[in-house]
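Undergrad: Residue strings, one per chain:
Number of protein chains: 2
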Amino acid sequence: MRVLILGGDGYLGWPTAMYLSARGHTVAVVDNMARRGYDNELGAESLIPIASLQERVAIWEAVTGRRIAAHIGDICDYSFFEPVVKSFQPEATIHYGEQRAAPYSMIDRRHAVYTQVNNVAGNLNVLYAMADHAPDCHLIKLGTMGEYGTPNIDIEEGFITISHKGRTDTLPYPKQPGSMYHLSKVHDSHNIQFCCRIWGLRATDLNQGVVYGADTEEIRLDERLRTRFDYDAVFGTVLNRFLVQAVAGVPLTVYGQGGQTRGFLDIRDTLACVELAMLNPPQGGEYRVFNQFTEQFSVLDLAKAVQETGRALDLEVRIDHLPNPRVEKEAHYYNAVNTSLLSLGLQPHFLNDTLLESVIHVVQRYKGQIKPHLILPQVNWRETGSPPVASETTAD
Amino acid sequence: MRVLILGGDGYLGWPTAMYLSARGHTVAVVDNMARRGYDNELGAESLIPIASLQERVAIWEAVTGRRIAAHIGDICDYSFFEPVVKSFQPEATIHYGEQRAAPYSMIDRRHAVYTQVNNVAGNLNVLYAMADHAPDCHLIKLGTMGEYGTPNIDIEEGFITISHKGRTDTLPYPKQPGSMYHLSKVHDSHNIQFCCRIWGLRATDLNQGVVYGADTEEIRLDERLRTRFDYDAVFGTVLNRFLVQAVAGVPLTVYGQGGQTRGFLDIRDTLACVELAMLNPPQGGEYRVFNQFTEQFSVLDLAKAVQETGRALDLEVRIDHLPNPRVEKEAHYYNAVNTSLLSLGLQPHFLNDTLLESVIHVVQRYKGQIKPHLILPQVNWRETGSPPVASETTAD
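Chains A and B supply the protein sequences, listed in that same order.
Using our numbering, the first residue of the first sequence is number 1, and each one after it goes up by one.
Using our numbering, the first residue of the second sequence is number 1, and each one after it goes up by one.
Derived from the structure by calculation, the hints contain no laboratory data.
None of the values given here were measured: they were computed from a predicted structure.
Treat the hints with care, since some could be wrong.
[Stated by the list, open to error] Covered stretches of chain A (in silico footprint by chain B; criterion: 3 or more residues with CB under 8 angstroms from a CB of chain B, positions within the stretch not fixed):
#1 9-18
#2 61-74
#3 99-113
#4 143-154
#5 195-206
#6 220-231
#7 341-353
[Said to hold, decoys possible] Listed next, the in silico SDA-like pairs over lysine to any residue satisfying Cα-Cα at most 25 angstroms (straight line):
#8 A:Lys-329 x B:Ala-336
#9 A:Lys-329 x B:Ser-163
#10 B:Lys-165 x A:Asp-222
#11 B:Lys-304 x B:Trp-199
All C-beta atoms, glycine included, are put in the ideal place defined by N, C-alpha and C.
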């Protein structure tokens with residue numbers, strides 16, 4: 001199958017490109033290097049050193065004999081993006097190409113507007129390009145479980161049947177996203193559903209949980225194929241960040257009580273889920289939603305699991321409860337359905353000591369690169385991030 | 001009260017500015033003249049000639065002795081907008097400042113991206129400016145009944161209590177918007193609700209129906225104070241457009257069967273609703289939604305009402321059923337709640353023959369200005385609006 005991967009240089013995009021290339025698909029990736037740019041902006045970097053995209057595809061070809069075409073450019077720039085779709089004629093487009101960190105989107109007004117405009121406009125460009133040049137292409141869009149928030153009822157997969165005043169309808173599941181980034185994904189979901197309806201496009205919205213892990217089968221072929229691993233407070237997601245903190249000997253940073261419960265999955269399951277969606281496409285005109293996670297944990301559960309595994313490896317792991325920089329419930333009901341991907345055949349890699357240990361071993365190899373000053377959260381949801389106003393009356 | 005009106009040069013913004021100024025409020029308006037620009041782009045114009053914003057405020061002061069401050073600029077330009085909020089210190093901000101035509105947003109990719117980016121980024125700027133410089137200000141945001149689409153259950157005011165698998169929660173009402181424009185309003189609603197939650201802002205989202213009418217009490221003071229009146233297929237909303245068609249002697253353009261049912265209200269009720277919301281603000285941190293319409297009609301009902309009124313005035317009014325340029329249900333259940341504004345004291349002006357006749361009389365005065373070629377819909381929801389591709393093999 002001809003597969004176009006947007007954001008193909010990222011934490012998940014690059015492993016997905018290799019995974020699908022290894023399975024015989026014709027893969028092209030698009031990336032504007034925004035993720036590397038955020039690192040430059042923040043003075044952060046992937047714990048695991050990564051090759052340039054140009055090197056990655058060259059190494060991949062040298063190791064496997066398979067080619068991955070790389071297009072460097074911005075999907076928001078239609079004069080760049082449209083010809084890519086027109087010439088490649090993708091049968092599936094996997095869209096990871098968005099700003100994906102909640103804290104980054106909450107830095108200040110500029111970052112909020114950037115995140116929403118970048119994500120929404122880029123996604124609209126994808127939809128128009130597909131409608132004009134690849135109308136049968138299956139859009140596989142990465143959404144997030146964070147679109148749902150933490151309602152006091154079970155979370156269904158995208159839609160819910162509601163009986164109300166004697167009548168019944170199945171409607172989009174209500175969304176309560178918790179950051180400017182999560183909001184952008186809700187906007188995307190509405191836009192995609194509409195375009196499926198009016199143009200007969202087909203799309204799968206993968207509402208993904210928090211991904212952990214550093215290794216995939218393809219990465220193990222050659223260490224120069226490794227994907228990025230983030231532990232900073234802006235881009236480092238919770239479990240990966242805890243594992244780095246455990247190795248660095250700094251406390252695990254649990255925000256508030258830690259009762260925040262979310263869906264999680266192993267990076268290898270992300271690749272399997274995307275492939276399952278791709279091999280089982282929806283009908284033309286169908287917009288479907290899969291909740292893409294394998295297990296639910298509270299943040300404190302995860303911290304304790306890391307603590308326990310750390311002890312077995314003679315690491316002294318402390319847990320700190322920081323004042324929560326986010327506005328979110330710290331104790332709440334959470335039960336989300338995730339049966340669609342399982343019924344397509346997903347064989348989950350559940351979280352266990354072996355996985356935690358293996359990631360800790362990877363992290364230990366790069367222990368010297370850890371910059372502890374990047375770990376504590378600096379972005380506070382309750383503030384706009386605007387610079388403090390200088391006094392109006394200045395001494396002169 | 002100090003009231004900042006965004007989009008204060010528009011069909012509703014300008015009458016609102018006069019209405020609130022006449023009632024003793026301190027009014028400032030912001031407008032970037034985008035609406036006049038769309039006319040230039042489309043070769044269209046208001047049927048009723050309108051003065052420039054600069055003339056309007058000068059005439060208003062000459063007629064009433066009251067001043068309305070006018071700031072010409074774009075709310076998407078934060079270097080312009082932030083100082084306006086900081087210096088004026090609004091107690092209420094009434095936000096009409098968005099691209100508001102569904103067909104305009106569906107012209108092509110550029111217009112879709114423009115509409116969503118303009119509306120979403122402008123609204124985010126409003127939220128950040130309020131949070132930083134007027135945190136107690138009440139945001140009164142114009143949304144649309146079109147955010148809800150046409151669900152098969154009753155439409156509540158913004159939220160719905162759902163019982164599901166033995167548990168219950170009150171959640172945002174599911175949204176099924178029907179154009180890139182309507183989608184932008186759904187995006188705004190999610191963004192506003194989030195900012196109320198994290199920053200303690202207060203906001204009222206007015207999900208407004210289709211507005212009709214040309215006259216308000218203030219407009220009758222001096223004809224140079226008149227507001228615009230649109231009848232073209234892009235910006236002319238359904239009832240106003242039918243009245244112009246009746247006068248022009250061209251058929252009323254009903255799209256499809258005409259069973260599409262929507263909420264409607266008189267322009268005078270828009271002003272009253274906005275004032276009622278303003279005088280009865282929500283608590284800090286509260287995001288509330290009012291459905292702002294007074295009656296429900298199907299499009300065919302309206303066409304028949306115009307036909308009947310026309311006959312009494314010796315106009316021969318025909319009704320044409322055009323192929324529907326939109327993707328929407330033409331026969332459907334529709335029942336929306338609108339009790340909040342009524343319980344605050346709204347006294348509706350219901351649609352009747354007198355109103356239809358009076359608007360027809362206004363329109364007749366400008367009959368010579370009607371450009372019939374602007375009336376037929378050119379924008380088709382089922383197409384992307386991309387130019388036809390030239391043949392790859394050109395004769396040479």
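Undergrad: Each of the hints needs a verdict: does it hold here or not?
TA: Hints, verified against the model:
1. 9-18: Result for this restraint: violated, n = 0.
2. 61-74: violated (count 0)
3. 99-113: As far as the stretch 99-113 of chain A goes, the hint holds, because 3 residues have Cβ atoms under 8 angstroms from chain B.
4. 143-154: holds (count 4)
5. 195-206: holds (count 3)
6. 220-231: This one is violated; 0 residues, fewer than the three required, reach chain B with a Cβ under 8 angstroms.
7. 341-353: violated (count 0)
8. A:Lys-329 x B:Ala-336: Distance ~32 angstroms between Lys-329 of chain A and Ala-336 of chain B Cα, so the pair is violated.
9. A:Lys-329 x B:Ser-163: Distance of about 21 angstroms is within 25 angstroms: holds.
10. B:Lys-165 x A:Asp-222: violated, 49 angstroms
11. B:Lys-304 x B:Trp-199: violated, 49 angstroms
Checked against the numbered hints listed earlier, the structure breaks hints 1, 2, 6, 7, 8, 10, 11; every other hint is satisfied.
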